[in-house]
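If you're matching them up, the sequences are chains A, B, C and D in order.
Counted the way numbering that gives the first Met the number 0 counts, the first sequence spans residues 0 to 380.
Counted the way numbering that gives the first Met the number 0 counts, the second sequence spans residues 0 to 375.
Counted the way numbering that gives the first Met the number 0 counts, the third sequence spans residues 0 to 258.
Counted the way numbering that gives the first Met the number 0 counts, the fourth sequence spans residues 0 to 157.
To be clear, the hints were calculated from the coordinates, so they are not data collected in a lab.
Please note that the accuracy of each hint is not assured.
Calculated pairs, DSS-like style, for lysine-lysine (alpha carbon to alpha carbon, straight line, at most 27 Å) [claimed, not checked]:
hint, chain 1, residue 1, chain 2, residue 2
1, B, LYS169, A, LYS353
2, B, LYS67, C, LYS27
3, C, LYS112, C, LYS165
A few chain A residues facing chain C, derived, Cβ under 7 Å [stated by the list, open to error]:
hint, residue
4, GLU54
5, THR57
6, THR121
7, ARG128
8, GLY143
9, GLU148
10, GLU180
11, GLN183
12, LEU184
13, SER187
14, SER188
15, THR189
16, ALA242
Stretch by stretch, here's where chain A covers chain C in the computed footprint (C-beta under 8 Å, at least three residues) [as the list claims (entries may be wrong)]:
hint, stretch
17, 18–27
18, 113–126
All C-beta atoms, glycine included, are put in the ideal place defined by N, C-alpha and C.
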Amino acid sequence: MTEMWVNMGPQHPMTHGLWNLRVRIEGEIIKDVEPEMGYLHRGIEKISEDRHYNEIITLMDRTCYVAGLSWEHLFIVAAEQALHVTPPERAEYIRVMSAELQRIASHLMWYSAFVQDLGLMTPFLYGMRDRDLILDLFQSYTGGRLTYEYMRVGGVRSDLPLGFTQRCRQVVDWLMDRFVEYDQLCLSSTIFHERCDGLGVLLEPEAVAYGVTGPMLRSAGSRRDLRKDRPYSVYDQVQFDVATATTADVTGRYLVRMEEMRQSVRIVRQCLDWLDDHPGPVMADHLPRWLGAPYAPMGNESYLLKRNYPTGVGLSMIEEPHGEAGAYVVNDGGEHPYRVKFRSPVLINIWAAKRYLPGYRVADIPPIMGSVDVCVGECDR
Amino acid sequence: MSNVSLYSVAYTLSSVLLGALAHLFPAPIHGWLISGTVVTALAAVIFAAILLLASMLNTILLIWYERKLLGRFMDRRGAMHVGYAGLLQNFADGLKLFRKDTVRPGQADPLGFWLSPTAYMVTSLVIFGLLPISTGWNGGSLPLTLLLALVIFSFAPLFIFLGAWASNNKYSLIGGMRSAAQMIAYEVPILLAVVAVVVLAGTFDLNTIVLEQRNYWFWAPLFLALIVFLTGMLAEMERIPFDLPEAEAELVEGWNTEYGGMLFAFFMLADYLRALVGSILVVLLFLGGWTLPSYVPAALTSFPLAGIVWFMVKTYLVFGLFVWVRASLPRIRTDQLLRLGWMRMVPLALLSVLLAALVVLSHCLPLIGCVPSMGG
Amino acid sequence: MSATPEESPGREEKPFLWVTRPLATAAKQFVKSLWRPSTVVYPFERLEDPKFRGEVAVASGKPIGVGEIWDNYRGVHALNINTCISCNLCAFSCPDVCIEMVTVPGGDPKHPKKCPQIDYGKCSFCGFCSDACPEGCLSMTTRYELSVHKREEMVYSPARMFEVYKSKLPMNPIRVERPANEDQILLDPPICIGCNACSRDCPTQCITMLDIAKPTAKPGEKLPKRIWKEPVINDSDCVRCGTCISVCPKDCLFWGTRQ
Amino acid sequence: MDQEQLSAGLSARFPGKILGVDTFPGTNGRVRFDATVASDLFRSLRDDFHFTHLTMVGATDWIDHREVFYVLWSDADRRYLILSTDLPAESPVIASAVPIWPSANAHEREAWDLVGVKFEGHPDLRRIFMPEGYAYHPLLRSFKIHEPEDLEVKVRSD
Numbered sequence: 000m001t002e003m004w005v006n007m008g009p010q011h012p013m014t015h016g017l018w019n020l021r022v023r024i025e026g027e028i029i030k031d032v033e034p035e036m037g038y039l040h041r042g043i044e045k046i047s048e049d050r051h052y053n054e055i056i057t058l059m060d061r062t063c064y065v066a067g068l069s070w071e072h073l074f075i076v077a078a079e080q081a082l083h084v085t086p087p088e089r090a091e092y093i094r095v096m097s098a099e100l101q102r103i104a105s106h107l108m109w110y111s112a113f114v115q116d117l118g119l120m121t122p123f124l125y126g127m128r129d130r131d132l133i134l135d136l137f138q139s140y141t142g143g144r145l146t147y148e149y150m151r152v153g154g155v156r157s158d159l160p161l162g163f164t165q166r167c168r169q170v171v172d173w174l175m176d177r178f179v180e181y182d183q184l185c186l187s188s189t190i191f192h193e194r195c196d197g198l199g200v201l202l203e204p205e206a207v208a209y210g211v212t213g214p215m216l217r218s219a220g221s222r223r224d225l226r227k228d229r230p231y232s233v234y235d236q237v238q239f240d241v242a243t244a245t246t247a248d249v250t251g252r253y254l255v256r257m258e259e260m261r262q263s264v265r266i267v268r269q270c271l272d273w274l275d276d277h278p279g280p281v282m283a284d285h286l287p288r289w290l291g292a293p294y295a296p297m298g299n300e301s302y303l304l305k306r307n308y309p310t311g312v313g314l315s316m317i318e319e320p321h322g323e324a325g326a327y328v329v330n331d332g333g334e335h336p337y338r339v340k341f342r343s344p345v346l347i348n349i350w351a352a353k354r355y356l357p358g359y360r361v362a363d364i365p366p367i368m369g370s371v372d373v374c375v376g377e378c379d380r
Numbered sequence: 000m001s002n003v004s005l006y007s008v009a010y011t012l013s014s015v016l017l018g019a020l021a022h023l024f025p026a027p028i029h030g031w032l033i034s035g036t037v038v039t040a041l042a043a044v045i046f047a048a049i050l051l052l053a054s055m056l057n058t059i060l061l062i063w064y065e066r067k068l069l070g071r072f073m074d075r076r077g078a079m080h081v082g083y084a085g086l087l088q089n090f091a092d093g094l095k096l097f098r099k100d101t102v103r104p105g106q107a108d109p110l111g112f113w114l115s116p117t118a119y120m121v122t123s124l125v126i127f128g129l130l131p132i133s134t135g136w137n138g139g140s141l142p143l144t145l146l147l148a149l150v151i152f153s154f155a156p157l158f159i160f161l162g163a164w165a166s167n168n169k170y171s172l173i174g175g176m177r178s179a180a181q182m183i184a185y186e187v188p189i190l191l192a193v194v195a196v197v198v199l200a201g202t203f204d205l206n207t208i209v210l211e212q213r214n215y216w217f218w219a220p221l222f223l224a225l226i227v228f229l230t231g232m233l234a235e236m237e238r239i240p241f242d243l244p245e246a247e248a249e250l251v252e253g254w255n256t257e258y259g260g261m262l263f264a265f266f267m268l269a270d271y272l273r274a275l276v277g278s279i280l281v282v283l284l285f286l287g288g289w290t291l292p293s294y295v296p297a298a299l300t301s302f303p304l305a306g307i308v309w310f311m312v313k314t315y316l317v318f319g320l321f322v323w324v325r326a327s328l329p330r331i332r333t334d335q336l337l338r339l340g341w342m343r344m345v346p347l348a349l350l351s352v353l354l355a356a357l358v359v360l361s362h363c364l365p366l367i368g369c370v371p372s373m374g375g
Numbered sequence: 000m001s002a003t004p005e006e007s008p009g010r011e012e013k014p015f016l017w018v019t020r021p022l023a024t025a026a027k028q029f030v031k032s033l034w035r036p037s038t039v040v041y042p043f044e045r046l047e048d049p050k051f052r053g054e055v056a057v058a059s060g061k062p063i064g065v066g067e068i069w070d071n072y073r074g075v076h077a078l079n080i081n082t083c084i085s086c087n088l089c090a091f092s093c094p095d096v097c098i099e100m101v102t103v104p105g106g107d108p109k110h111p112k113k114c115p116q117i118d119y120g121k122c123s124f125c126g127f128c129s130d131a132c133p134e135g136c137l138s139m140t141t142r143y144e145l146s147v148h149k150r151e152e153m154v155y156s157p158a159r160m161f162e163v164y165k166s167k168l169p170m171n172p173i174r175v176e177r178p179a180n181e182d183q184i185l186l187d188p189p190i191c192i193g194c195n196a197c198s199r200d201c202p203t204q205c206i207t208m209l210d211i212a213k214p215t216a217k218p219g220e221k222l223p224k225r226i227w228k229e230p231v232i233n234d235s236d237c238v239r240c241g242t243c244i245s246v247c248p249k250d251c252l253f254w255g256t257r258q
Numbered sequence: 000m001d002q003e004q005l006s007a008g009l010s011a012r013f014p015g016k017i018l019g020v021d022t023f024p025g026t027n028g029r030v031r032f033d034a035t036v037a038s039d040l041f042r043s044l045r046d047d048f049h050f051t052h053l054t055m056v057g058a059t060d061w062i063d064h065r066e067v068f069y070v071l072w073s074d075a076d077r078r079y080l081i082l083s084t085d086l087p088a089e090s091p092v093i094a095s096a097v098p099i100w101p102s103a104n105a106h107e108r109e110a111w112d113l114v115g116v117k118f119e120g121h122p123d124l125r126r127i128f129m130p131e132g133y134a135y136h137p138l139l140r141s142f143k144i145h146e147p148e149d150l151e152v153k154v155r156s157d
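Here chain A stands alone, though its shape is the one from the complex (with noise of 0.2 Å):
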């Protein structure tokens, strides 16, 4: 039979938002995948070049849809670094627990919509009933239930409403007796096997030399999570163990995301535990001007000039729900960053597709890309 090119996307229901993958097929074997990023480029590196550094958060939330607080934190991180400040400690265990519920939101989504490529609409269902209990809690500290816009460089917005933990621990109670139910659903189904094992393997050299990061990486028996290398905020005062998996195909990518929800229900008890015992400020003293809640027009540039803000740049490197993210602050004194920079996970996890979806099916393509976890919104920025 002879080959043919499909375009998967950008309206598809593969793919998860709006990208384009060119498929290759000879009959409904793959032969080789060009993906086409760019539909949803919004610029939000050339916009941040004009923006304070708390507007930029705003910002952060519409990078990734669905883990906006990750991103803030990830943006936070970095420009704190750029900037010189140094947030308190209650701030910090408050990101933390932020971006771990985060993390099980995500990754929430994540089951739905992986599951749901399979064809089976119901996890789907349980997996978004389950999420708005978190983007509940979300909600009643951030007050938005998709853009957050919680975190402040120096600290977060606001403390903790009261009776917040007691109600987090009864959430993710909650949460734990459901992981079962949706492992019930997927790995004590054969079709599911069937239709996972063995599909999209990356192993572990190649995934380290096309960039794969995340998941897809740790699921090829790699021990790389940046919470344990390289702890940014307060993830050395915690206790979890990374998720790993062996056999670096599809299966492998669920069940590592399975056991990093259960470890950030562990995270985010621990966090709560001590945030239950530390009452204290939220918010760093000693900021600059422009970075105090109410941002005031500064007037003329000669204020800058007297005041002689430092310069400096900030390199985050953050475990995101999707893989590693990164940011890279040029603080040249100004109220705008000078340039912003985000490495997106996702963007080179969907790269390196040239390398380990040919050979498989057109059947095959949904699940291994649906275990990658597309989420355009930072692919494209």
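Fit chains B, C and D to the given chain A structure using the hints.
Below, chains B, C and D without anything else, positioned relative to chain A:
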């Protein structure tokens, strides 16, 4: 009530209508109108109209039933706003589809493109004329009803492939080829499972098959055949976990990607018609049709139209089984599907034929014991 | 084709199509949701209504927060026109430039009263404006239904936001505290000409012009041409809006910390 | 391997081409190097210093020159390393890192697309986010947003 049949109802209606009409006309036309030929012809038309109406209403009700049931499996509600508990939602959807433009892609072949939805729909509808719903409530008793129904049932891949090819779309083409491969592969185990039933019943007439189940329903001796038949029917109906031809994750909407508006509605309706036919066949072949076991109190079986009521209850329960499967299983891949069909289902079906033959020869059942009237 | 690991964790040797566990799980959920599924039927039942959240919580055993999680919700703004001091801080802090200060009745002709007008077509509901509001007159409420027929209707005038305020919806109580050692407005005395612009436009009236001694001109030196007054800023009343800095014709006011 | 060792090792291998090693919190330092030795330096860093991961490639427009930075990760040290080099603004060209780290592919396409840095030896240096034939490199400081005519897609004549 047993002497009331669908045809007698249609005939009565026809003669009453024509009798009333005839009074308006002078003698020659009057006499011609009340003549036997005309009344019979109109009765046939009314008969067909009733069948069409009943099958369509049932199909739409089936869609509603699936939506509600699936909703509960997924911890949600399903359709609930249009009409009582959303009963009219599907009519609203149908109205919306009816108002939509049907667009044919420029490069698509017109004849195949327009023909295939219609043919798919019509072939699915024709089967209803053959299926007995209750005593007397059928289109006529042919000696080979079951075989004819199955033959018409297996026309579908032809028209699906025709439509897929004609729409000149890569997704449609892949979907159409998958559909053809899948349906042809699962014809074999289905027919073998039916052979087991026929061996036990000794006839191809659906009426007789149901009557043969008066002592025991065939699912007990033919449990293997039932499993094979259910699996095969899932594949024939293209429902999850065997809905590869329209696997929406990779093939958008499979072979009906290019169809919109009423043509899509035809495909959709025909799919559910086939689902209804499949459920009815399961009830007829394995679950005793409209009969109930003898230990059931007579009050439950003697009210008017009891046969039809029990028949529909059974049909909907069987369809609920399909919905349950849909709510809990993911879709499998083409090669796995074919492997399952050829390497698991065919041997199982052959085994069940053997079992049926053994039951007939020994006149005995594993649990129920020996029954003298067994084996047709 | 890549290597295919044969062994996969979690996989036990089971006959092909062994699917009883997922079927059982789905059936369990079916029984559970027969009485009341988790859905909150939106236009008729509302998330913020404690009654329905309670129903869902009881029926499905879910730990759903009732009511209080809506306290911090960032929805449509409520504006108390009476306490607004026209400080412009909300407009300055808006990242999307969707706030425009428009004149409302109530001010004097020389010093018109201006209140924010928000274009919800651009607003991202980040809450920076209500965080910045020093008087607490601009707050975000729990109203989230914004759909209208025309784009012009997306623009909420101060009067319309005042109606939202009067409807007594729950309002976001978060007030971001100012940093302890916040920058103050400082004066560069030699440049000041005593023009009174800062004092006139200060929304909180915290700037008073105090007379300063007119120095005696040394022989041969010409005194600068100016009014011999200097602004003195009452820090405890100052809301740090920067209006004085923007209106100062000589750029003699600036942000800084008093040593 | 700490920063001193790395610095000494690199200086010994590339005399005069390592312009300096700054400290950078949380990393093994920031190595400024001469762009002429880029390819050899990358190879040496991967093979001799075990920087197996290329995490990020980016470029900054400093108006008078353009800076290209690389972030590397070493699994052995569990540390990052930042490489940085300055390219002249009129001809920003540097050797591609794709032959050494395949993961550089998308990063370098992005840097070319947004900042206009050319990577020699890149197998497929096309635009990645902006449409093909777009006339600008949007992350240059000379590119101003809020100008509608700039937001339209302009196709070059060539």
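The hints, checked one at a time:
1. With a C-alpha separation of about 22 Å, the suggested pair B:LYS169 and A:LYS353 falls inside the 27 Å cut-off, and the hint holds.
2. Taken as a hint, the B:LYS67 and C:LYS27 pair is honoured in the structure, with Cα atoms around 16 Å apart against an allowance of 27 Å.
3. For the hint linking C:LYS112 to C:LYS165, the alpha-carbon distance of about 20 Å falls within 27 Å, and the restraint holds.
4. A distance limit of 7 Å between C-beta atoms decides the matter here; for A:GLU54 the minimum to chain C is near 4 Å, and the interface restraint holds.
5. Checking A:THR57 against chain C: minimum C-beta separation of about 5 Å stays under 7 Å; hint holds.
6. Residue-level restraint check for A:THR121 holds (minimum Cβ-Cβ distance to chain C is 6 Å; threshold 7 Å).
7. The interface hint given for A:ARG128 is met, as the beta carbon of that residue sits about 5 Å from the closest beta carbon of chain C, less than 7 Å.
8. Because the closest C-beta pair between A:GLY143 and chain C is about 6 Å apart, less than 7 Å, the hint holds.
9. Using the Cβ-Cβ criterion of 7 Å, the hint placing A:GLU148 at the interface with chain C is satisfied: the shortest such distance is roughly 4 Å.
10. Taken as an interface hint, A:GLU180 checks out: its beta carbon lies about 6 Å from the nearest beta carbon of chain C, inside 7 Å.
11. Checking A:GLN183 against chain C by beta carbon gives a least distance of about 4 Å; that is within 7 Å, so the hint holds.
12. The criterion of a C-beta within 7 Å of any C-beta in chain C is met by A:LEU184, whose closest approach is roughly 5 Å, and the hint holds.
13. With a cut of 7 Å, the hint placing A:SER187 at the interface with chain C holds, because the nearest CB-to-CB distance is about 3 Å.
14. Taken as an interface hint, A:SER188 checks out: its beta carbon lies about 5 Å from the nearest beta carbon of chain C, inside 7 Å.
15. At its closest, the beta carbon of A:THR189 sits 4 Å from a beta carbon of chain C; the interface hint therefore holds under the 7 Å criterion.
16. Because the beta carbon of A:ALA242 sits about 12 Å from the nearest beta carbon in chain C, more than 7 Å, this interface hint is broken.
17. With a threshold of 8 Å between beta carbons, the proposed coverage of the stretch 18–27 of chain C by chain A holds, since 6 of its residues qualify and at least three are required.
18. Judged by the Cβ-Cβ criterion of 8 Å, the stretch 113–126 of chain C is covered by chain A as claimed, because 4 of its residues qualify and three suffice.
Taken one by one, the earlier hints fail for this structure only at number 16.
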